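Peer 1: For reference, the chains in residue letters:
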Amino acid sequence: MAVEIIEPGLAASIQDRGRPGYYSVGIPPSGAADLRAAVTANLLVGNPPDAAVIEAPYMGPALMFDAPAVVAVTGATMPTLLNGAPAPQWESFPVAAGDQLTFGFLRAGARIYIAVAGGFDVPVVLGSRSTYALGGFGGFGGRNLRKGDVIPVGRANGGPGRAVPEELRPAYRREIELRVVLGLYDYRLTEAGRNCLLESEWTLTPVADRTGFRYSGPVLEWEERIQPFGAGSDPSNIVDAGYPIGSIQVPGGVEPIILHRDAVSGGGYAMVATVISADLNRVAQCSPGTRTRFVPVTLDEALRARADDQARAARLREALEATR
Amino acid sequence: MRRSGESRYSWGGDEHLVVQFAEAMSLEVNFTAMAVSKILNDDRLPGIVDICPANASLLIRFDPDVAAPAAVEARVRAAEEQVAGAPARSVETRIFEVPVWYDDPFTNETGSRFRDRHQRPEGNDLEFAAVENDMDSVQAFIDAHSGSPWITSMVGFVAGLPFMFQMVPQERQLELPKYLRPRTDTPALTIGHGGCFACIYSVRGAGGYQMFGVTPVPIFDPEQRLADFNDFMVFFRPGDIVKFRSIDNAEYDAIRAEVEAGAYRYRQRPVTFDLDRLLADPDGYNAELLGALYGS
Chain A
1 MAVEIIEPGL AASIQDRGRP GYYSVGIPPS GAADLRAAVT ANLLVGNPPD AAVIEAPYMG
61 PALMFDAPAV VAVTGATMPT LLNGAPAPQW ESFPVAAGDQ LTFGFLRAGA RIYIAVAGGF
121 DVPVVLGSRS TYALGGFGGF GGRNLRKGDV IPVGRANGGP GRAVPEELRP AYRREIELRV
181 VLGLYDYRLT EAGRNCLLES EWTLTPVADR TGFRYSGPVL EWEERIQPFG AGSDPSNIVD
241 AGYPIGSIQV PGGVEPIILH RDAVSGGGYA MVATVISADL NRVAQCSPGT RTRFVPVTLD
301 EALRARADDQ ARAARLREAL EATR
Chain B
1 MRRSGESRYS WGGDEHLVVQ FAEAMSLEVN FTAMAVSKIL NDDRLPGIVD ICPANASLLI
61 RFDPDVAAPA AVEARVRAAE EQVAGAPARS VETRIFEVPV WYDDPFTNET GSRFRDRHQR
121 PEGNDLEFAA VENDMDSVQA FIDAHSGSPW ITSMVGFVAG LPFMFQMVPQ ERQLELPKYL
181 RPRTDTPALT IGHGGCFACI YSVRGAGGYQ MFGVTPVPIF DPEQRLADFN DFMVFFRPGD
241 IVKFRSIDNA EYDAIRAEVE AGAYRYRQRP VTFDLDRLLA DPDGYNAELL GALYGS
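Quick mapping for you: the protein sequence lines, in order, are chains A and B.
Everything in the first sequence is counted per our numbering, starting at 1 for the first residue and increasing by one.
Everything in the second sequence is counted per our numbering, starting at 1 for the first residue and increasing by one.
Keep in mind that the hints were calculated from the coordinates and are not lab data.
Fair warning: this is a prediction, and the values are worked out from it, not measured in the lab.
Ideal Cβ positions, reconstructed from N, Cα and C, are used throughout, including at glycine.
Check the hints yourself; a few may be wrong.
[Stated by the list, open to error] Label pairs and their in silico Cβ distance ranges:
{"id": "1", "chain 1": "A", "residue 1": "Pro-296", "chain 2": "B", "residue 2": "Ala-84", "range": "31 to 37 Å"}
{"id": "2", "chain 1": "A", "residue 1": "Arg-174", "chain 2": "B", "residue 2": "Gly-147", "range": "33 to 39 Å"}
{"id": "3", "chain 1": "B", "residue 1": "Asp-185", "chain 2": "A", "residue 2": "Arg-225", "range": "31 to 37 Å"}
{"id": "4", "chain 1": "A", "residue 1": "Pro-296", "chain 2": "B", "residue 2": "Phe-232", "range": "37 to 43 Å"}
{"id": "5", "chain 1": "A", "residue 1": "Ala-96", "chain 2": "B", "residue 2": "Val-259", "range": "45 to 51 Å"}
{"id": "6", "chain 1": "A", "residue 1": "Ala-192", "chain 2": "B", "residue 2": "Glu-127", "range": "36 to 42 Å"}
{"id": "7", "chain 1": "B", "residue 1": "Thr-272", "chain 2": "A", "residue 2": "Asp-209", "range": "40 to 46 Å"}
{"id": "8", "chain 1": "B", "residue 1": "Ala-88", "chain 2": "A", "residue 2": "Ala-311", "range": "32 to 38 Å"}
{"id": "9", "chain 1": "B", "residue 1": "Asp-65", "chain 2": "A", "residue 2": "Arg-107", "range": "32 to 38 Å"}
[Stated by the list, open to error] Chain B stretches covered by chain A per the calculated footprint, using a threshold of three residues with CB under 8 Å from any CB of chain A:
{"id": "10", "segment": "23-33"}
{"id": "11", "segment": "46-57"}
{"id": "12", "segment": "131-140"}
{"id": "13", "segment": "196-203"}
{"id": "14", "segment": "212-218"}
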């Protein structure tokens, strides 16, 4: 079977759990920006967790099915409509041949995930079906989805009727705290600059995509120095270095950028902190205007947060298996 | 985190370790980054996902569910100590040629569209480069750029993009600031320059480096059409030595046609790169490397 893109939405793309292992040549891990929501959508339709789904930021696409299928929509809160009638989120439901899935306006969060039983069957490139649009490969034709695309779906064995219990569904807010580990080149900031980073409220700008999330707020102050050879003249410049996924860079001391799963792998701007792995999915569900604070944690705290997050994922998986 | 010798170790969240070997760029420090990476690659600790050598630093991405951060750090420190104790001063690599149409219409047209973001509104980026580096003509700058070879000190930013550092003494390094504000467009295969680094833009997109010309030769080929991409879609590897060669419009078109026909092969030769010999006699050693490339 296949799914036709009637309307593409905004920068919708095929993603799975990503393509680790090629960062040293500038190929980012990619994969669903909110991995948890993507995996949940797959589990709802009986797919393995790494099946390919559609990720759609801010605006839903319109899809048409050419055969009966089972579908689930997770992630951002967005009215989901099957042939114009309300359909559930966080719950798998059947569709018939010729049915159309459309969406209303975004209410909370930023990205929806659409899984179809069987998974979107696009070619595996370097071990993943994820789209890396900047590099022009992976996903469907190496690009975001367009009107008229017909995406094949693999063989399915899942059924409808699985639902995520209410208490295990995420709540998206317009005010968020992100936990960060300070370090990297943070010694380049003055003490006032470091305090300013941690004590200010930052507002997500519209420059927020799979590559990075840019925030507006005050100007950070850097230590004065004679720049090292090769670094460039601005005090926020460094000799080009590798950028961790989730790292926060502050070009020119203004508008911090959190790099996300399609990160540029390196460059010449000082990074001053890194969002912990447990909070990257939460970053993905922030829409422009979200008021954000960076809360410093230690590495050990980051690891505990990771373990807690994995425990929540395990509870969700068990709950879904119980509803089979 | 503790500092070991000159190096600075720091965590990038719970999945990354960054080692800054030095703050300034030099061939020696880049050599250290590559040597430590090689040791880590040859005997890979399970759970280390990516080993990314950079110009003067090293980024490790790891899965903390498989490898504890302390174990990753211990492994990297051991590799650094191994390099410090028995410095590998030579490396097996390759040298190849990248033909460049300098002062081409594609980058000039793009540059003219973004003049409001440039330090010098009049002229083009090459003219700016010549002035900034105290050269009396654009041709003199092109001669310096294409005369001595460059070493690939880092691959990244976007897929397959090489950063290159010219194998000449620091006083002969070509240095330029980046654009005041990044462009939103750069032609694919543009030869760029920022700080002391050359780059080749592997794909069309945003960029802040000065633009000098274009190469007709692909460096990133997801479809793997050319024989040089049989093994992998990315051509450049850290440690690759690159010689730019100035070509004209006619040769650019001829090479493009060869690329389109799927017949183009890079001119390349394996070489042993010896850091001490380069530092002792840069021009003599570079001439020897070029001899290996051109078979003289």
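Peer 1: Closer than 8 Å Cβ to Cβ for three or more residues is the test here. Does the segment 196-203 of chain B pass it with chain A?
Peer 2: Since 4 is at least three, the answer is holds.
Peer 1: Does the Cβ-Cβ separation between A/Ala-192 and B/Glu-127 fall within 36 to 42 Å?
Peer 2: Distance hint for A/Ala-192, B/Glu-127 holds at roughly 41 Å.
Peer 1: Quick check on a hinted range of 32 to 38 Å for B/Ala-88 and A/Ala-311, using CB atoms only.
Peer 2: Violated: the Cβ-Cβ distance is about 45 Å, outside 32 to 38 Å.
Peer 1: Mind taking a look at whether chain A covers the segment 212-218 of chain B? Criterion is 3 or more residues with CB to CB distance under 8 Å.
Peer 2: violated (count 0)
Peer 1: Range first: 31 to 37 Å. Now tell me if the beta carbons of B/Asp-185 and A/Arg-225 are that far apart.
Peer 2: 33 Å, holds
Peer 1: Using the C-beta atoms of A/Ala-96 and B/Val-259, is the stated range 45 to 51 Å upheld?
Peer 2: With a Cβ separation near 49 Å, A/Ala-96 and B/Val-259 satisfy 45 to 51 Å, so the hint holds.
Peer 1: Taking 8 Å as the C-beta cutoff, is the stated coverage of the segment 131-140 of chain B by chain A satisfied by three or more residues?
Peer 2: As far as the segment 131-140 of chain B goes, the hint is violated, because 0 residues have Cβ atoms under 8 Å from chain A.
Peer 1: For the pair A/Arg-174 and B/Gly-147, does the Cβ-Cβ distance stay inside 33 to 39 Å?
Peer 2: 57 Å, violated
Peer 1: Counting residues of the segment 23-33 of chain B with a beta carbon closer than 8 Å to any beta carbon of chain A, are there 3 or more?
Peer 2: holds (count 4)
Peer 1: Okay, A/Pro-296 versus B/Phe-232 on CB: inside 37 to 43 Å?
Peer 2: 40 Å, holds
Peer 1: Would you say the segment 46-57 of chain B counts as covered by chain A, given the rule of at least 3 residues with C-beta under 8 Å?
Peer 2: holds (count 9)
Peer 1: Using the C-beta atoms of B/Thr-272 and A/Asp-209, is the stated range 40 to 46 Å upheld?
Peer 2: 44 Å, holds
Hint violations for this structure: numbers 2, 8, 12 and 14, all remaining hints satisfied.
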